[in-house]
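Listed in order, the protein sequences are those of chains A, B, C and D.
Sequential numbering of the first sequence, starting at 1, is according to my numbering.
Sequential numbering of the second sequence, starting at 469, is according to my numbering.
Sequential numbering of the third sequence, starting at 937, is according to my numbering.
Sequential numbering of the fourth sequence, starting at 1035, is according to my numbering.
Treat the hints as calculated values from the structure; they're not laboratory data.
Keep in mind the model is a prediction, meaning the values are calculated, not measured.
Ideal placement from N, C-alpha and C gives every residue a C-beta, glycine not left out.
One thing to keep in mind: the hints can contain errors.
To be verified - Subject to a maximum C-alpha distance of 35 angstroms in a straight line, what follows is the list of computed DSBU-like cross-link-like pairs (lysine-lysine):
| hint | chain 1 | residue 1 | chain 2 | residue 2 |
| --- | --- | --- | --- | --- |
| 1 | B | K502 | B | K630 |
| 2 | C | K1032 | A | K461 |
| 3 | A | K342 | A | K34 |
| 4 | B | K582 | B | K630 |
| 5 | D | K1130 | A | K262 |
| 6 | A | K369 | B | K502 |
| 7 | B | K730 | D | K1060 |
| 8 | B | K837 | A | K369 |
| 9 | A | K262 | A | K162 |
Said to hold, decoys possible - One-sided excerpt, in silico: chain C residues whose CB lies under 7 angstroms from chain B:
| hint | residue |
| --- | --- |
| 10 | F948 |
| 11 | M951 |
| 12 | V999 |
| 13 | T1002 |
| 14 | F1005 |
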Amino acid sequence: MTVLQSSNAVLVQAAYLVASGLFVLALMWMSSPKTARRGVRAGELGMLIAVCGTLLHSGVVQYDLIFVAILLGTLIGVPMAFLMPMTAIPQRTAISHAFGAMAVGLIGAVEYGKLAPTQGAGSFTVWALMFEILLGLLTCTASVVAFAKLQEIMPTRPIMFKGQQVLNLAVFLGALACAGVMIASPANTTPFPFFVALALVFGVLLVLPIGGADMPTVIALLNSYAGLAASAMGFALGNKLLIVVGALDGTSGFILAMVMCKAMNRSFTNVLFGGFGQAAPAGSGGGEERAHRSYTAEEAAPMLEMASSVVIVPGYGMAVSQAQHRVAELYEHLEECGVEVKFAIHPVAGRMPGHMNVLLAEADVPYDKLVELEDINPELPQTDVVLVIGANDTVNPAARDDPSSAIAGMPIIEADRAKQVMIVKRSMNAGFAGIDNPIYYKDNAGMLFGDAKKVAEHLVKELQELAA
Amino acid sequence: MTVLQSSNAVLVQAAYLVASGLFVLALMWMSSPKTARRGVRAGELGMLIAVCGTLLHSGVVQYDLIFVAILLGTLIGVPMAFLMPMTAIPQRTAISHAFGAMAVGLIGAVEYGKLAPTQGAGSFTVWALMFEILLGLLTCTASVVAFAKLQEIMPTRPIMFKGQQVLNLAVFLGALACAGVMIASPANTTPFPFFVALALVFGVLLVLPIGGADMPTVIALLNSYAGLAASAMGFALGNKLLIVVGALDGTSGFILAMVMCKAMNRSFTNVLFGGFGQAAPAGSGGGEERAHRSYTAEEAAPMLEMASSVVIVPGYGMAVSQAQHRVAELYEHLEECGVEVKFAIHPVAGRMPGHMNVLLAEADVPYDKLVELEDINPELPQTDVVLVIGANDTVNPAARDDPSSAIAGMPIIEADRAKQVMIVKRSMNAGFAGIDNPIYYKDNAGMLFGDAKKVAEHLVKELQELAA
Amino acid sequence: MSNAQDATNLLFVFMLAAFLGFQLIKRVSPLLHSPLMSLTNAIAAVVIVGAIMVTGEHDATPVARTLGFVAVVAATINAVSGFLITDRMLKMFRRKGD
Amino acid sequence: MSNAQDATNLLFVFMLAAFLGFQLIKRVSPLLHSPLMSLTNAIAAVVIVGAIMVTGEHDATPVARTLGFVAVVAATINAVSGFLITDRMLKMFRRKGD
Ligand SMILES: NC(=O)c1ccc[n+]([C@@H]2O[C@H](COP(=O)([O-])OP(=O)(O)OC[C@H]3O[C@@H](n4cnc5c(N)ncnc54)[C@H](OP(=O)(O)O)[C@@H]3O)[C@@H](O)[C@H]2O)c1
Ligand SMILES: NC(=O)c1ccc[n+]([C@@H]2O[C@H](COP(=O)([O-])OP(=O)(O)OC[C@H]3O[C@@H](n4cnc5c(N)ncnc54)[C@H](OP(=O)(O)O)[C@@H]3O)[C@@H](O)[C@H]2O)c1
């Protein structure tokens, strides 16, 4: 029996080792679109091996519930994966963080109940468990709020009130105090329910003052927290697989959040506590009524057809109106007319990193047509027409020219440097940052008012007629 | 006492953790010349912390010999570092691998003597020790032979004889058999001396059939072996610091060896067993006496001065004649005359990776003037004069044009595509690969015979006279 | 000693994995940032390993089994849907002519 | 169990460090390949840690102390000269105008 158990332990450890290696390979292969799908395979295989290894663990003896749970999870997960529209990806990520973090919190709670009585004061395991439960639970409720804001179940503007920061700090310190008591005397479980409650409340408070459009950054950070919680679980259980995955996840979320902050020229503190987007964009087009030109689709189509180079700048508006397929048709028609078309992708266009890439890929635009900001900007002065579709802040020249602007210093796609700019949006209203956009009033610019999908359809129709 | 010991153990482990982190940072910062020196500082600090941590270890109680040894090592190491000429770097690397691997082997032997009686059959520790001793000792003697070949104490041509591969295999299997016996019954130390002797002999045999100019690849591979030996020591002693460093080192040597093989379009097997360079380059200029032009420095200098762009291609000959300082003067004079000068660096020019970069940096050539093969080749057709200084195989167009050439497929610097090529070398003799070089007979090419240093001096003098 | 060893073993693993994550993620092209988020999300579902242990132990209390059950379901949903959605996204990325 | 745990702890560390080494070294510019070789050579001298243990143990035999002594000297030479030479090389790398 002992021999059996020990050979069993070797097997479990070997499975975890192999699984960790596969997860590392999965991320390594994600570095390029050519190997990325292989990365997914590696991840799936790693997960399978990790689960099978655990099922073999000599400590696991009751299989009934586990199999039912896995079956149930699969039955829910598979249709979810196939029915989810690509535009809902940000929300999905948020809610799945909530699920994952909840699982971490629950496991932590169970482990605490089991291990606490056996641990000495200040034990490493209890430290790790407290960390795990705190991070798991706050990530769970924070992700739920983020989901609600993205899905617009909740108001997306920052919710701020007097004494908010004091309250947040008090709740956080309260949770830490509970954890401190339990670390000092693990057998004393009285503070546990308070600890749980405070952690859950803190998660909600954390996200309330953050505006809806900052949610992507928040989600990446929550990804990072969820990773750290998984690592903490690994420390508590002495499980290296969990530590590795947690660390990989933690750094991944952190780096993505950094990329976004850099692309918006804002600091973490500003995102988390700045209350950005608080001043509702109260029809900022109303102020001084500067002159702008506006085109109809009939006027715009021949200009596009006669151009030798066109750059399309997609933004959040394209995602909202689900216009990506129509935009792809537009791209194909223009290419057929012999126009050289490229897409300029700003790193924070839309509502999550890489948002535009996924949508356009979904609509069958080849990914070598998607050009990053630094690479497209030098080409724009030689470009005949830039067609901005539902983007706003990401093409706002004030970020470059006006040091007093709220988005000063944010790198932009310099659409205004092109020979002609056409901007598709529904009104003169501001974008997420809530500020006016001088590009609309430039001599070389013209508006194409309307819903992005409708306008794109209209343009395609006009092009077809021109061709016929 | 126990508390003291355990807090002590925590300290040692913490020191090792920090040291490992610093070594990782050291390699990370080596990625760019801007941060590289910070990397060296990190490495030094890591080493200091690792040594201090070990001295605090509760198992270490006799300090006398250790301090004497460290003092002695420092007294030898410091002057060595300052007096070593940069041209001797390849040899120094070889001999220091020998030292390091010897240390690993000795420690392994001592540990084996101490631990063997306490270990059960097939114990993990004995496995690791055998691996450590084998790799340590064979790397030690192999590095000594590599050193002797580079320093030309030994003939540099491959030494091959009948039955060599059979002998090598027999020695290797003999060593493995000894190790096997000791793993099966650790208490039986009889095979140990045979094991040691066979490992040492195998190291020598391994390098004998490899030609002198393949030594850089061999040294990188030995670096990799030394790393694996250190890792094995870490496994034997349960020391994670050693495992981390060994793995970093092991991959580093392996990747450098791969880079070199790729740049020569040869396989590992070919380098290790191919006996490349065996056929002595028996005056390959003697054969058919094809026509070549030759210039004097007096003729060459005005051509260089009148060019608007010059690319200098340095090679092994520049290193041998220590011409780098004169070449740098030449570069400065040309720049003063308004000529745009760049250096084209082939990845395996010289006798170790990065050899030319170090020599030219030593002579104060700014590193942004050193251009890699892929980047310079597209510019060469528009270049007025390419000046090849002691390079041969790396500019041999046969590699590109003649599929039956010994170096067919090796990427080259396409000097022959330039408007004019001048080649500085002492004769029409072949280079390391021992094959003729068609570039000498091209219409746009001319030889500048002489020692690289002398010719460069001469060219500088002529340029000065032209300027005056 | 053994306790310090244990903890530092885990800290070594954490430190190396964090460095590795940093190096790996930095290299992911911005083109793939969305699939990356969804892949890491799927991989994070490996906490199912802890959930299985909690649920399957022979002395697990009913509360523990219930919470563990919920955790296994949640983690499975994340793993299954995460990998499938990532693959669905990646399948759409095509070069011109593919 | 504890033995398997121990061995896999070390294997985890090895695997992660090897992946990390691979990612790190791949990014080193060819410009710096010579200093890189000499830096890794210096870092490898960390085997001095094992040499010190062997030499300083209270029950070390004279043979062990002698071999350990030699090992400490050898490793120290490598460390000292390796770091100094690497720095000497790197000091020489300058951009135009620096
Ligand atoms: N992607 C990320 O990861 C991320 C992360 C954090 C923050 N953000 C922030 O999100 C913003 C993204 O910039 P962006 O340029 O993509 O978008 P944006 O600045 O938010 O502007 C979107 C524009 O689309 C228009 N629009 C909305 N619905 C439309 C529809 N159905 N048809 C046509 N147009 C429509 C809106 O104008 P109308 O109302 O006039 O139509 C709006 O001005 C940036 O400020 C960025 O900092 C993004
Ligand atoms: N760098 C590495 O890491 C590495 C690794 C493995 C192999 N290798 C091999 O080494 C070779 C390096 O190519 P390479 O083009 O640099 O060198 P090479 O092909 O070996 O040619 C060097 C040339 O320099 C000339 N030379 C020698 N001493 C000279 C002096 N004092 N003054 C002037 N010229 C002198 C020689 O011609 P004369 O005798 O006529 O003067 C010789 O033809 C390649 O074949 C490569 O595969 C390099």
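Now the hints, each set against the structure:
no.	hint	in the structure
1	K502/B <-> K630/B	52 angstroms, violated
2	K1032/C <-> K461/A	24 angstroms, holds
3	K342/A <-> K34/A	21 angstroms, holds
4	K582/B <-> K630/B	41 angstroms, violated
5	K1130/D <-> K262/A	30 angstroms, holds
6	K369/A <-> K502/B	34 angstroms, holds
7	K730/B <-> K1060/D	14 angstroms, holds
8	K837/B <-> K369/A	33 angstroms, holds
9	K262/A <-> K162/A	30 angstroms, holds
10	F948	5 angstroms, holds
11	M951	6 angstroms, holds
12	V999	36 angstroms, violated
13	T1002	39 angstroms, violated
14	F1005	37 angstroms, violated
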